[in-house]
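Asks: Residues per chain, in single letters:
Number of protein chains: 4
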Amino acid sequence: MTHQPPIAGIFVPNMVPLDDRGQIHDSELRRYIDWLIAKGVHGLYPNGSTSEFVRFTPEERRRIIEITVEQAAGRVPVLAGAAEANVKETLATCEYYHSLGVRAVAIVSPIYYRLSPDNIYAYFAEIASRTPVDVTVYNMPMLTSPIDVPTVVRLAEEFPKIIAIKDSSGDISQMMRLISTIRPRRPDFAFLTGWDTALVPMLMLGCDGGTNASAGVVPEITRALYDAARQGRWDDARRWQYRVLQYVDALFYAADFPEGFRIGAAARGFHMGQSRQPLSPRQTDSLSHLAHTIETLLREDGFESEREPSLVAGDTAATTSDRAVVQRVVQEVLQVLTTRQS
Amino acid sequence: MTHQPPIAGIFVPNMVPLDDRGQIHDSELRRYIDWLIAKGVHGLYPNGSTSEFVRFTPEERRRIIEITVEQAAGRVPVLAGAAEANVKETLATCEYYHSLGVRAVAIVSPIYYRLSPDNIYAYFAEIASRTPVDVTVYNMPMLTSPIDVPTVVRLAEEFPKIIAIKDSSGDISQMMRLISTIRPRRPDFAFLTGWDTALVPMLMLGCDGGTNASAGVVPEITRALYDAARQGRWDDARRWQYRVLQYVDALFYAADFPEGFRIGAAARGFHMGQSRQPLSPRQTDSLSHLAHTIETLLREDGFESEREPSLVAGDTAATTSDRAVVQRVVQEVLQVLTTRQS
Amino acid sequence: MTHQPPIAGIFVPNMVPLDDRGQIHDSELRRYIDWLIAKGVHGLYPNGSTSEFVRFTPEERRRIIEITVEQAAGRVPVLAGAAEANVKETLATCEYYHSLGVRAVAIVSPIYYRLSPDNIYAYFAEIASRTPVDVTVYNMPMLTSPIDVPTVVRLAEEFPKIIAIKDSSGDISQMMRLISTIRPRRPDFAFLTGWDTALVPMLMLGCDGGTNASAGVVPEITRALYDAARQGRWDDARRWQYRVLQYVDALFYAADFPEGFRIGAAARGFHMGQSRQPLSPRQTDSLSHLAHTIETLLREDGFESEREPSLVAGDTAATTSDRAVVQRVVQEVLQVLTTRQS
Amino acid sequence: MTHQPPIAGIFVPNMVPLDDRGQIHDSELRRYIDWLIAKGVHGLYPNGSTSEFVRFTPEERRRIIEITVEQAAGRVPVLAGAAEANVKETLATCEYYHSLGVRAVAIVSPIYYRLSPDNIYAYFAEIASRTPVDVTVYNMPMLTSPIDVPTVVRLAEEFPKIIAIKDSSGDISQMMRLISTIRPRRPDFAFLTGWDTALVPMLMLGCDGGTNASAGVVPEITRALYDAARQGRWDDARRWQYRVLQYVDALFYAADFPEGFRIGAAARGFHMGQSRQPLSPRQTDSLSHLAHTIETLLREDGFESEREPSLVAGDTAATTSDRAVVQRVVQEVLQVLTTRQS
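Protein chains in written order, with my numbering: chain A, 5 to 346; chain B, 5 to 346; chain C, 5 to 346; chain D, 5 to 346.
It should be emphasised that the hints constitute simulated quantities derived from the structure, not laboratory data.
Hints should not be assumed to be uniformly reliable.
Copies of the same chain are indistinguishable here, so a pair counts whether it falls within one copy or spans any two.
Computed list of lysine to any residue pairs in SDA-like fashion (alpha-carbon distance at most 20 Å, straight line) [said to hold, decoys possible]:
| no. | residue 1 | residue 2 |
| --- | --- | --- |
| 1 | 92 | 64 |
| 2 | 92 | 60 |
| 3 | 165 | 79 |
| 4 | 92 | 186 |
| 5 | 92 | 295 |
Owing to the predicted nature of the structure, the values given are computational and were not obtained by experimental measurement.
Only chain A is shown next, with the shape it has when bound in the complex (with noise of 0.2 Å):
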């Protein structure tokens, strides 16, 4: 058994597109995927909360991670959600995606019901137990059954096929009690926060990356952002934690998570088709609205719409003009911020 390194960097719950008849739109997920990784993320977080796993049934699922697996093609690395209703149809696909290559599985605590820690202790054991591919544990207080510290400390000191921490939590605290307390006995496990309003300070404080929903929009900040932190380049990294909170609180408040990710990725060019969840008139007016407050967003980033696929090309190109547009928009904030440090 050949040891893989630890899971890092800028992970991408990348949603789905849907067809006219509401289907999964294999071509555009796919074109998605590549630009995607032309932007330059770290690995794809396929079937996660943003991209809507619940929504899609257990065979949808797997045909997704067919597809990412596939068109990554080894690019980069694939973390695959594989939440089933049970243990028994979790193991299933784990072991299904395991041999389709992906580097790890993410799970959820069990959705609906609130179970106590140590039953989830007991949900996760049992499958790290038995599961063939590594495992990151997934905690999502805001969704589901929160998965405490010490039940993490637990499965990471127990289980060597759990490598990894995915907090959604947005608690910084949470999040240097379990690096303070798991790395000195695994140096190999890893720390991801799904909270992109604080990922320079969660990275700061020693995560290793992040799944997050802005890379699924603007990839290129999303990796800005974190290339500026791993260098220490801590102004830049605030500059760019400044912007991604504007896209997020545009992404997020404009409808019910995660239909405004949804208008945003579309307003890089890609077909996402109509939300399996109806919407309400209401919420479509305030959907057309972030659409025109993301591309403003957008354009004062300089950044383009994907809609005419042979653009992609000169992808790489952008990066360097990019970073010189967004400094020049953030560039008031960090002044005053500079002046009142001096």
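With chain A's structure known, arrange chains B, C and D on it following the hints.
Replies: Below, chains B, C and D without anything else, positioned relative to chain A:
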């Protein structure tokens, strides 16, 4: 088109016995259904929260309804939980359950994500305008997005196919607001509560019945409570309500819901099998203790286990003597209450 | 030592009229108290949440009790809110109120901080072991640390000076747990609810009465509801409960609690004065609208404003005609309810 | 009118030592204040949540400010908690504290009741338009009504007397929203965090300082953290942040807040006296254990108790050696972190 009478009475969220391989135990489920009907439930409510619908696959959920409808064989109506991954899947399920002959379906608001009221409206509106079968809107705010009063009122006014609300909030004021607003305009609309420990107050204030987990363990008591309330025997009703509280507290707090109710059914003599949710040693201990508690309560109430199927035949005769026993047990409470009021 | 009868009936959390300088309006408070007693409340409950105890200084709180006890003049018992900054201050206040002749004090769990159950126990234990006056434990979980069932049970068992629980959680199951556990051991212990919209169910399940904000605005209705419930006229009780819901919804949601109740008292003809909590223009508008709503409801119920003190004399005669009017108003609801149950 | 510089740095919510009779211990409070100033805090923040303002009488609160201002004697600014029972009392207190010479007051949103945003605005607007002293708006959503971003922005725009926000929500995104919206229009406005375990991230993202309970126990560490962050020594800052987390977790979870912090100050050698909140035996045990934990942490960090006042003289010399010790203790964590990033 012939109109059906409003839904009323005690609908039991019948749980699903599992065999040694963890699969649906067909014959035991049928025996359980026969027993519940013999004990006097007014209807069956498979694929509800107590019956762990999210821990079964879509195919299993369909199988559960097939068995339930077939075994009920028209003796009592079936209210079938029909929530699936998205509107399209839910509608296909509604059609199938309609073809099987269910009285109505019950649909909870979409799970996992938190939806705003107008998107919850949009969801039910799309289903209600296309379903062939009557729909009960199911409000379960502790486990998924709440459905507020204005949304239920609007749905009731606009969609004849929506014929009931099943409210498991336990909020008496909310139920009164629903009844006082909807009933004058939709006299055919039914109000059901899923909150067993407030069942008598809910009936007194105008509810038509309930979907009550206690009826899956002590259907005799839930039925007796209902009959007392319907006949205006409020002293009797109050005594039963206190007794239901004792059962429900024991069943609810021994382990993460709904495992205690499965143990309760096992205490009545049904082979429920291992839970699909792995349990910690602590909860397994707690459940053994619960089994003992429930058996003690059942003995106090004069109830027998149904471990020997041959005994089921004599069922109906039990009703009268059951009552005598329970009355004796709870009369201390009554005495104090009566003394206080004189 | 002579034992006093348990606390029972409707205690009104009488609000405090303010004069043009924002100070306690002595004569109007006395007129209000006289009116409340004439309308049939069983007791007065000054310095409660509805009477804004935290917006008065410690000296003002003492003055309010002095006026209330003096004006009540033994006609009805006084339950005096006595929570102060710490145990020492609270005990000094208990002693003073005892010297004034209050029936008992009501003490809420310490405000602001969140205390764990065993420290809440320690707090009440220290007070209960040193107070000269009977104590009502006041559970108000929406505004301060909740007092759980085991804590109330333990306090009731250990301290004879603790003679009642006033529970404003609105949780019927919690009340049943308290009654079924404490009453067999402490038959003198009283159970009061502060949740007006569940008052009939609470009384049916064994409560002794309530401290009810609605009684500060429509004491006639709260009293009629209580009488109907006590006499087992449950159809009448139910009708009054629906009517109380209408009033309370109007009073509660028009502005931040408890301002709506002050406007309600003003609609009955009392000079309540400007709120000590500054109001936004939006809430001021909403309160004007509320005044109109309350006046409409009062007219429907045949109630007069008390703006002309000379009219107060004819008060008691009103009771019979009041009932006739209300009965007419709510009888549509009754008709539907009766039809459904036959 | 001369403008004062914006509030910045570490303000310590200095606690109040009590004597054997439970009264304010004048001389020990003065000794504590001297020690805090000697250890490097930038300001004093009496009558805050950590200093238990609600457990003192209005007169005692005034006495605490008198002593604090007198003892500080201009060496550091004083930010005085000034929330009283209502606007009139709060304004009178503002005037008094202004006459004493405090730098500013801090006012939390009204306690106990839950107020809507526009009434919170109305409350602060009335105070801000009439106060003679600068006001810091204090957001403490865990203990009283939250003050949302639009309300703070509106207050900052309209009232020059409002010169800072002290936010104890711990929400980094909320702080970023405040900074990015208010700072461009009010460069003099200060942003303080009360969330010690996110202090480094908050400073990195632009906060001016904090009111930090840890500074009441280990002012040396809170100050060192602040200096490291201000000077851009982020590796040092991160190490201190992890150490602060250890202290705060010990201080916060040993007993109901803020009792642990009082024990922490006692471990530094101050006679804090018995808590005004009675403690259960369990919590008393837990606090003895905490005292031991804190003493161990302090020894690891090379800190001495101040039990012998004569030792205080050598204080400033300690700073350098302190740092050496702490650096050794936390360097394992650093090593791992550094390894991971290379």
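Asks: Are the hints correct? Go through all of them and say.
Replies: Status of the hints after comparison with the structure:
Taking the closest pair of Cα atoms, residue 92 and residue 64 come within 20 Å of each other both inside a single copy (18 Å) and across two copies (13 Å). Taking the shortest Cα distances, residue 92 and residue 60 sit within 20 Å of each other both inside one copy (19 Å) and across copies (10 Å). For a Cα distance limit of 20 Å, the shortest separation of residue 165 from residue 79 qualifies neither inside one copy, at 23 Å, nor across copies, at 51 Å. Within a single copy, residue 92 and residue 186 get their C-alpha atoms no closer than 28 Å, and across copies no closer than 44 Å, so neither meets the 20 Å cut-off.
With identical chains, the CA atoms of residue 92 and residue 295 are never at most 20 Å apart, being 41 Å at best within one copy and 26 Å at best between copies.
Violated hints for the displayed structure, listed by number in ascending order: 3, 4 and 5.
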